[in-house]
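Chemist: One letter stands for each residue in the lines below.
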Amino acid sequence: MNTNILIVGVGGQGTLLASVLLGNLALENGYDVKLSEVHGMSQRGGSVVTHVKISDGKVGAPLIEEGEADIILAFEKLEAYRWLPYLKKDGALYVNTQQILPMPVIMGQAENPADLDRVLQENTGSLKAFDAMKIAEECGSSKAVNIVLLGAASKDLPFSDESWMKVIGENVKPKFVEMNRFAFTKGQQA
Amino acid sequence: MLGNEAFARGAWEAGVRVVSSYPGTPSTEVTENAAKYDEIHVEWAPNEKVGVEVAMGASLGGVRSLSCMKHVGLNVASDSFYTAAYTGVNGGMVVLVADDNGCHSSQNEQDSRFHGRSAGVPVLEPADSQECKDFIKLAYDISEKYDTLVLIRSNTRVSHSRGIVELGERTEREIIPYEKNFRKYVAMPAMARKLHVAQEERLARIAEDSCEWDINDVQMGGDTSIGIIASGICYEYAKDALPDVSFLKLGIVNPLPKKLILDFASQVDKLYVIEEGQPFIEEQIRAWGVPVKGGKDMFTIQGEYSARMIREAFGEDVPEEGIDTSDAPGRPPLLCAGCPHKGLFYVLSKLKTTVMGDIGCYTLAALPPTEAMDSTLCMGASIGMAHGFEKATGSKENTVAVLGDSTFIHSGITGLINMSYNGSKGTVIILDNRITGMTGHQQNPASGKNAKGEPAPAIDLKTLCEACGVKHVVEIDPFEVQDLEKIVKEETARDELSVIITKRPCAMIVKQPDIPNVITDRCKNCRMCMKIGCPAIEIRDGRPFIVSGRCVGCGLCARVCPFDAIESTAKAGEGK
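Sequence lines, in order, name chains A and B. When we follow my numbering, the leftmost residue of the first sequence carries the number 1, and every step to the right adds one. When we follow my numbering, the leftmost residue of the second sequence carries the number 191, and every step to the right adds one.
Warning: the hint list may mix true and false statements.
To be verified - Here are some of the chain A residues that sit facing chain B, going by a computed Cβ distance under 8 Å: (1) 102; (2) 111; (3) 185.
Honestly, the hints are just simulated from the structure, not real lab data. Cβ atoms here follow ideal geometry from the backbone N, Cα and C, with glycine treated the same way.
Produce the entire structure from the sequences given, and follow the hints as far as they go.
Modeler: Below you can see the structure in the form of structure tokens.
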């Protein structure tokens, strides 16, 4: 079994925590796992991507390449589009429908591609587009958007609910654990 | 475990007692993680050169020591590095350098292996997190056995990937008594000549011995028609791409284990060298007269490689490319909402000032909408360049040097002394945000805390500048944009050297009230607020709009609004 998950978003959206959770889940469940992250300049509101490669054998290179991702978790719609070539033909895309316009678009120097929803629909094996931000806010914090997306994607991942709850408990600040567990459940139901 | 975390763990297990580094992506987390171990004295040095010197002193004092830096940091440290390579060590000493293939967070892609070769230092190159830990431990044994400094070369992908790491325990080591030996430690000409001969002999011994080390791994595959020599992360890409061919995975890349390589070359039909960056290994092998079928004639010197790229180069199948999304507008990084630098760059943009820039978050001000930066070269260069520009044009008019507090201490202060000494009338602006921002908020000598987060003396930048002979030093909050504009005009017009210190803490360390601002119906759609480049302000329905979830309530937009149309939601609430 090999599962490649690409987590994409805008610097500051909490993509790193999502990948660390997946890494710990894989470890907890006896898989080999490698993650590759972005630190430094791109974290300042730039386009960010984290690679998560899970295997019941051995993971070699830490990077997922074009056409190799089983799942893309996208924290923002334009970023989902940008990284779409990385998704397998039958891959699953989970996308938070919230949009953050990049500066060139705000400045009127560039335009977002037209008809994003249709393009995403036509180029994915399965698409789940939903307002994860709204659900996160309802659970108590907009920062929980990463956990909501993970909750939604959990049906495609080989980890039990108990395992998820345990790893959330171990990787989130104590006072936010319950809120995040709740957000995870809401993501599952989304 | 993150590669950088594994390096720190390995150093701890190896019994390291002293770490002195300067932060720099992608190396920073090694030192940050080392600081979590009570047994290790960990410090942020003002620059990499001092870091290496502290580690060298600790080695002389008889303990294992470490200094970490990014690739360009090794240039700064090279003065001490090259001669420490002659004298050798007492306690084991390692310099860890993280290159940035692909320029994720750097101004160039230089290849640190050449520093190792040029200085005559053994260079080890790990490929994953487990090797990060194992190789640094081995490096200390090599350092003490052969009496040499050892360079560990990482890069962004190794340092910033996570993998499973098997942990060990720390071995405490006795302090090796220091013995005075001026023939070894005083590098004056007569000694240096002898030390250089000793170094040559040492490297020859390592080149021979390392042929037996298990960090160099010969894997004769089912297919011996193709043999690949690779090291570090490139080995992982090549192995994924061509799992059946034969490999020589090198753990040491300087000096090269010549016999091992010759032996491997003789067993395969076609030899390839796959290495990111310069043809470091390839050229040496070719110089021995060994035929190399493919190397840099197949692969670029720029950026990171991938298994796909290697498959394609060898004519293998690759997954079909799906939809082309290259029309997606770019999303360059930008200064945060609430960032203190925004106030200054709004003013400099408005005044169309020529700005000699520097290395830090503020380099982002070069991008739209502020576009308030004319040059960025390296740490501290802003000041020297502003001085040279003034000497060339004969005028300092509307020209400034801009750099951060940590960068000023790193290597800006010598430039300021030069300006003072050599009769500059220029203006230097120090962006004092009380932290080393871009690398992830490390303490520095002006921030009042040390690497362990304990209180420490804070250098007073104003007093320091005055001591350098600058008569006009002004401190101001960069969000006081009207006053700041006046001061910039005054100081750049003044016929004497001056320094402006803009003081306001980084928005990521001192949280703003987080009460969002709103644009009221007094807005005339003049879009002055768009000129600060705030990520919280968008255009919606043809007018500026503040996205409340992203606004931190800093109020800079309200200060630049000529119609007083922006107010805090707290205030708006009171009015109702």
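Chemist: If a hint holds in the structure, say so; if it does not, say that too.
Modeler: Hint-by-hint comparison with the structure:
no., hint, in the structure
1, 102, "holds, 4 Å"
2, 111, "holds, 7 Å"
3, 185, "violated, 23 Å"
The structure shown violates just one earlier hint, number 3.
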